[in-house]
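Spelled out, the chains give:
2 protein chains.
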Amino acid sequence: MINKHRNNRYNDISFINQIKSMAVIGVSRSRNFFFLRNHQENFKGNLYAIHPNIKKIPNFDDGTKGKIFSSVKDVPEDVDFVFIAVPRSKVIDIIDDCVEKGVKLASIFTAEFSDSGTEEGETLEKKLMAHANNKIRILGPNGMGLYYPKLGIAWRPNFPHKPGNIGFIAQSGGICNLSIYTLAEMEISFSKVFSFGNGTDLDFVDLLYFLSNDPETDIILGYIEGISKGRGVALQQILKENDKPIIIIKGGKSKQGSIAAKTHTGTLTGETKIWETLFKQYGVIEVDTIEKLLNTARLIECYGMFQAQNFAILSISGGYGVILVDLLEKQGINVPSFSRDIQKKINEKFFTSGTSSSNPLDVSSQIYDSDSIYDIINIALSDKNIDGLIIDLPTWYFNMEYHLTKDESFEPTIIKAFGLGHKHHKPLIPIIQRVNCPEDRIRITRKLYEQKIPVFGDPSEFIPLLPKISYAYHKKNKKKKRN
Amino acid sequence: MINKHRNNRYNDISFINQIKSMAVIGVSRSRNFFFLRNHQENFKGNLYAIHPNIKKIPNFDDGTKGKIFSSVKDVPEDVDFVFIAVPRSKVIDIIDDCVEKGVKLASIFTAEFSDSGTEEGETLEKKLMAHANNKIRILGPNGMGLYYPKLGIAWRPNFPHKPGNIGFIAQSGGICNLSIYTLAEMEISFSKVFSFGNGTDLDFVDLLYFLSNDPETDIILGYIEGISKGRGVALQQILKENDKPIIIIKGGKSKQGSIAAKTHTGTLTGETKIWETLFKQYGVIEVDTIEKLLNTARLIECYGMFQAQNFAILSISGGYGVILVDLLEKQGINVPSFSRDIQKKINEKFFTSGTSSSNPLDVSSQIYDSDSIYDIINIALSDKNIDGLIIDLPTWYFNMEYHLTKDESFEPTIIKAFGLGHKHHKPLIPIIQRVNCPEDRIRITRKLYEQKIPVFGDPSEFIPLLPKISYAYHKKNKKKKRN
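If you read the protein sequences in the order shown, they are chains Z and E.
End of the first sequence sits at 483 in this note's numbering; the numbers just go up one at a time, nothing left out.
End of the second sequence sits at 483 in this note's numbering; the numbers just go up one at a time, nothing left out.
There's no promise every hint is true.
Copies of one chain are not kept apart here, so a pair can be met inside one copy or by any two copies together.
Stated by the list, open to error - Result set (DSSO-like, lysine-lysine): computed pairs, CA atoms no more than 30 Å apart in a straight line: (1) K349 x K262; (2) K104 x K126; (3) K452 x K345; (4) K262 x K330; (5) K262 x K127; (6) K127 x K104; (7) K126 x K384; (8) K90 x K55; (9) K262 x K345; (10) K406 x K416; (11) K345 x K255; (12) K255 x K349.
Source of the hints: derived by calculation from the structure; they are not laboratory data.
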């Protein structure tokens, strides 16, 4: 990565919320016009294809509107944004054209600049910056650029069209793809995703500044391997002023991981301790896998930030309940007794012998009496001393072939009961274990996702995240009180 | 739990491998003959229903073979095993009948004995033991008893019929159900599962002794909350002599968890440190969730015990590769360079620019050239310095709608490549992330399970298990060398 010496300044890219036209420069017949097609799928403004020789693209330009041009300079209207996928040797000329045309933002997919680790690549990247000359902002090179569903900017097929409120910044395009498709499956959408590759111009700090001030973004996710020397002060300043939840993976923390990161994006990953201190100070939630990053986003998207000091458990197996208590206590979360009046009310609804009506609740076969389960959950969540509720229910309970009696009201009642977290403004987190009946699991999880209820298959997926969210929640509240 | 003062003795139940006939005592019309039906599904020997008044059961007894009797004593042939689900007040009389009949093993489902926490329950359990008088072995009370697929003994519907080589011991029936259905989905089967409830007669130690010597069992799983005073020496003796992999969850390790365990099965959970030392000394693999218990069993079932000191990674995203390196190093596992000759051979197969052909491999879009990926995996696994390989490949790669070109050979070639771990006798572990296209994921995972290839969706599911398996592997090898 090229050292910028920009220190405490941020590049302003707030204009991207008003992009009206874009061009894909370097459409490729051998790739079946891949990047053009992906943007064509849903781009809301005028879309142009730029290629020196190609005069016809099936199902794109029908000769009536003249959407193919040999140079971006020939486009008769303004072009706000370009996606560049041309051979490396042509990138500089293309950038010159874009500057001349007055393009505001270029996303450069082409690789083998500083990422190649060669002097030639480094030199070319410096030359690129000199030609851009602060007149055009650049994402990349060696990145996927911008995904912005509201405007239909999307570099891959089947990226969701629905805009959401989560922003994401990563160098790696692969990690962005994985995250976009994963959240789509959870019925959660992004506001904007940036894959900034080598980060020659726009880097993690610029993009974090943007998302932190972006009215379309409520939660910020990031995967970062490192930042340039001299950008630390700027980063700290943003974190200080920011009041949105930020969740970050810091890649390359281990010795071998930092070497792998150097190969990956040419980034120096820096001192692990400094990062950890910084994150802790500003209530940034740090996790170590993409799955945990997205699961944290999912929990916050569903329930906002929350306190997790005292949880209740409702289990259909006493043993599983004991395991959950152990896991929670390991994370510093209590499973306390219910308040006396709450316990009394729960006892009135409890009719199974040989199980436990105290916290952790062990409902056993009473689960089949779904109306009473609804009531018990409702009462438990109304306890002032309880911050949230974890429920475990294996998949086969949603398949009537596994039941004693076929009760058609079981599924809708249980799903309604799982929505009670929203009524009480407390996180209710179901574990629907991934056992047999995977098709039933798909049906149930989709129904729950639609109602903004998170679902997990394994307690390890979310229990370690609860104290992190709780810590960030208290940090944020403290800050609010100070201001 | 009642103190047995049996110390260093084990109850012998090797006879269960020869069960030829069984009776369900206390068939229930209101439960639609649930337990009888479940055994009827697949029991290989003669099956009898016992009830004082019921003379007819639809689709069970057609009056020709006389399979319903008012007492077990009336059955004209030997009865080896009985499943008892009668009101608590009748259990003692039934046990008297069984002793008189010469029944060898009784599984008592009925609850509210010592598990009730009442003096009355405790007294009744002692009385039960006195009446059994060592002439009949008892599983329970308050347990689901025995699942033995080879003979068709099964307490729930749709328990798999195929026998496997994994034994499982738990007090809790709910945990057994979850485990049986989960492994079934992974195409892995149990030899025997014991849910021993209060463990009045047969306890964890007896059952571990049995499985450790059972020729039908190769891997032993257990969920244990505690054992009776005085049984520690016996447990230690079994662990010392055992040469099978044992994987255990010790429930109730936390302060609140031990209280929950007391409510659950009336068990005193004992000192955490003592358990941990014991497990470490004898190479018992300890995990903290059911999911990790089953995932460890799955890895060992697929690949046997293995060393995990040096792993290779093949990722389609450089960033994800960096994350995997960090996760592995956190667990003490190296991601070393390939040997020089291996690296040379890999380079010959690598043709994508901007990625990494060294370990961690970042194949990026070369993944679509599945033949070259097959070769790269084959070469990487042939490296003497590499113990195993982790691969990540999100679900959408198996859905042609997400591809540039529709290559029908992609899926079969990749699945064949994922089988290369077996060729090299090294664990090859694919992460197929749970993103969009869940239906495609079901198809792919089923194909992989059939070929004994484990699949995970999240690296946290298995990476923490690798050093545990490796430690147990070395413990076992050391012991072999000593003997």
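Status of each hint after checking the structure:
no.: 1; hint: K349 x K262; result: between (60 Å within a copy, 23 Å between copies)
no.: 2; hint: K104 x K126; result: within (19 Å within a copy, 84 Å between copies)
no.: 3; hint: K452 x K345; result: within (28 Å within a copy, 50 Å between copies)
no.: 4; hint: K262 x K330; result: between (35 Å within a copy, 19 Å between copies)
no.: 5; hint: K262 x K127; result: within (22 Å within a copy, 71 Å between copies)
no.: 6; hint: K127 x K104; result: within (19 Å within a copy, 86 Å between copies)
no.: 7; hint: K126 x K384; result: neither (60 Å within a copy, 42 Å between copies)
no.: 8; hint: K90 x K55; result: within (19 Å within a copy, 90 Å between copies)
no.: 9; hint: K262 x K345; result: between (60 Å within a copy, 23 Å between copies)
no.: 10; hint: K406 x K416; result: within (19 Å within a copy, 42 Å between copies)
no.: 11; hint: K345 x K255; result: between (55 Å within a copy, 26 Å between copies)
no.: 12; hint: K255 x K349; result: between (56 Å within a copy, 28 Å between copies)
Violated hints amount to a single one, hint 7; each of the other numbered hints is respected by the structure.
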